[in-house]
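*Asks:* Chain by chain, the residues:
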Amino acid sequence: MNWSIIIESTLEAMVTKNAVVFALAAIGLNIHYGYTGLLNFGQAGFMAAGAYGTGIAITQWGWTIGPAAVFGIVLSVLLAFFLGLPTLRLRADYLAIVTIAAAEIIRRIVKSTQYSEVTGGSGGLNGIGRGFYDNNPIDSGLDLGIVSFSERELWFMVVGWGVVVLCMVLTYLLVRSPWGRVLKAIREDEDAVRSLGKNVTWYKMQSLILGGAFGALGGIMLTLEQQSVQPDQFFTPTTFFAFTALILGGAGRVFGPVVGSMLFWGIIQFTDVSLRQAIANDYIPTWLMDGVQAGQVRFIIAGGLLAALMIFRQQGLFGNKREVALDDH
Amino acid sequence: MTTDAFDQVEPRPGSPKRDTILSVDGLVRRFGGITAVDVDHLEIQANAITGLIGPNGAGKTTFFNLITGFDEVTAGTFQFKGEPLEGVPAYKVARKGLVRTFQLTKALSKLSVIENMKLGAVGQTGENPFKALVRPLWGSQEREIEARADELLKRFKLYEKRDDYAGELSGGQRKLLEMARALMADPEVICLDEPMAGVNPALTQSLLQHVKELKDEGLTVVFVEHDMDVVRDISDWVVVMAEGSIIAEGTHASIGKNQAVIDAYLGTAHEIDLGTIELDPEKH
Ligand SMILES: Nc1ncnc2c1ncn2[C@@H]1O[C@H](COP(=O)(O)OP(=O)(O)O)[C@@H](O)[C@H]1O
Ligand SMILES: [Mg+2]
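First to last, the protein sequences are chains A and B. Heads up: take any position in the first sequence, counting from 1, add 10, and you land on the working numbering. Heads up: take any position in the second sequence, counting from 1, add 90, and you land on the working numbering.
Keep in mind that the hints are not guaranteed to be accurate.
[Stated by the list, open to error] No more than 30 Å apart at the CA atoms, straight line, and that leaves these computed lysine-lysine pairs for BS3-like:
hint	chain 1	residue 1	chain 2	residue 2
1	B	K200	A	K331
2	B	K200	A	K27
3	A	K331	B	K251
4	A	K331	B	K244
5	B	K182	A	K194
6	B	K171	B	K221
7	B	K347	A	K194
8	B	K221	A	K194
9	B	K244	A	K194
10	A	K331	B	K305
11	B	K305	B	K251
12	B	K251	A	K27
Just so you know, the hints here were simulated from the structure itself, not pulled from any lab data.
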């Protein structure tokens, strides 16, 4: 077993692309689910709106990154209206059903050959935002001994985590305000909030928009990092990875989704590399599992860990035990 | 204004009041085959305490749901201060000054008691998501709201619990919190659905006192209550519902003599201890 490779790649996974992208997606879900109690099972759709909005504006219309990213966010806001208007008046489960379907519809539309001239079909869009790395002011990599990063990776990390921190600050400011109080109250009992003269449906819409925009930012960061985007990156499990990150870190906590995302990708990478190492070193016989299967098994193990967490620490790592205990009432 | 607001009022269902703040006409609500509410005409006197009584399933809660916009009428109209309210969403009804509490308490468990209270205040600058980001815009208003909330919490004997989660309160304390929170919304009319249910008897007396004070402060109180001692103690006027309709109206004394009321309670009598209905008004 090559432990230095295992540790290096685990640490790297905790701070690079996926950790950033899913931190943003989970921050969005935290606004929806953690603070407002909305079940958005289509966060991947919001991420796709951000990613494809940006990608199309850059590759098709020659926009620069800034305006293109704004366009991606505007698309996610429109999506929130489109999904929220018919469903937010209804019970919570309607939003869940509509969002999960909508995200899948979006993925299939951008994947279809019908619109491939604009969306690139199943191949997706390439050559997005070369300017992102062209503008990289960092001119040398960083070697920390156990783990090292190229200047490209560093640049993405600076921008990506910068955006994450900005979103966390925004979340912090909002949830401690009277606005945040209304959201948390809606999470507990929306009729009580209505009886006090608050337009609950409109607040839920605001929550859906804000959390969706955070998700779109995740999609945008994904696109910039890869300089490309593929439709299948927004399949249904993407939403559930973000949910897993949120639950792992602790819903309803500002740090929860961020730490959760880092841990989630750390665990996934750790199990993946460890299994491969074990197979390569014949600790695991190939009749039991081969290298390809290890890619699947890591999710099984991650799921098991999550189940264990829910049994022994229901509130997630950052959650408040006292609050969770109140659910029994 | 005292009980003499009712001096000239006939004790019969649908009788006109001197200053009507709330009136309903032909109000019907059906659930499938069940007619939960069917009220020809009812007027509520302003700045008075009206008790709404009736056996379980009489339609009292549904009536509250209808007039506060939490349920949609099958037929009928109703006015608050002369303004039609049918189809007006619940939050707008509340903003107009018609605020209700719930029979099944809706304390917001994972909010602290003081946060529950502060939520009740209307017109909060910080409830706008953009202004929320800038604390100086709403900080001083928040402090005023908090001071008012603390005041009310002291009155309702909940001040010691202000930083506890609402979910950690007893059932009776949650009732109190819900009532205090409703008062934060500056109501003109407050509809209390069984406010005393589950409240510690030691606290009931002071709570009754608070309700009377609300009237002195100019509020109109409509409340559903099963305990006839409470009804007798605080209501200026009593409205009796049975099977969705108003079967009697009057002062507590006249209600006790009303044959229709006695029949209604005898007909369904289970939840209500008949002994507490004052069948003999001379007793008091
Ligand atoms: N949402 C509902 N669906 C079906 N029936 C209902 C509903 N709400 C109330 N009812 C029925 O309407 C009648 C009146 O109920 P309710 O207003 O709760 O009475 P009360 O508050 O006087 O005890 C009852 O027969 C009840 O079963
Ligand atoms: Mg009732």
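*Asks:* If a hint holds in the structure, say so; if it doesn't, say that too.
*Replies:* These are the hints, each one checked on the structure:
1. Restraint check for K200(B) and K331(A): the C-alpha separation of about 11 Å stays at or below 30 Å, so the hint holds.
2. With a C-alpha separation of about 35 Å, the suggested pairing of K200(B) with K27(A) is violated against the 30 Å cut-off.
3. A hinted pair counts as satisfied when its Cα atoms are at most 30 Å apart, and K331(A) with K251(B) qualifies at roughly 19 Å.
4. For the hint pairing K331(A) with K244(B), the CA-to-CA distance comes to about 29 Å; that is within 30 Å, so the pair holds.
5. This hinted pair checks out: K182(B) and K194(A) have alpha carbons roughly 20 Å apart, not beyond 30 Å.
6. A threshold of 30 Å between alpha carbons decides the hint, and for K171(B) with K221(B) the separation of about 33 Å lies outside it, so the pair is violated.
7. For the hint linking K347(B) to K194(A), the alpha-carbon distance of about 49 Å lies beyond 30 Å, and the restraint is violated.
8. Using a Cα cut-off of 30 Å, the hinted pair K221(B) and K194(A) holds, with the two alpha carbons roughly 18 Å apart.
9. With a C-alpha separation of about 25 Å, the suggested pairing of K244(B) with K194(A) holds against the 30 Å cut-off.
10. Restraint check for K331(A) and K305(B): not satisfied, since their Cα atoms lie roughly 42 Å apart, outside the 30 Å limit.
11. Between K305(B) and K251(B), the direct Cα distance comes to roughly 27 Å. Compliance with the 30 Å bound is thereby established for this hinted pair.
12. Our distance criterion of 30 Å between C-alpha atoms is broken by K251(B) and K27(A), whose separation comes to about 46 Å.
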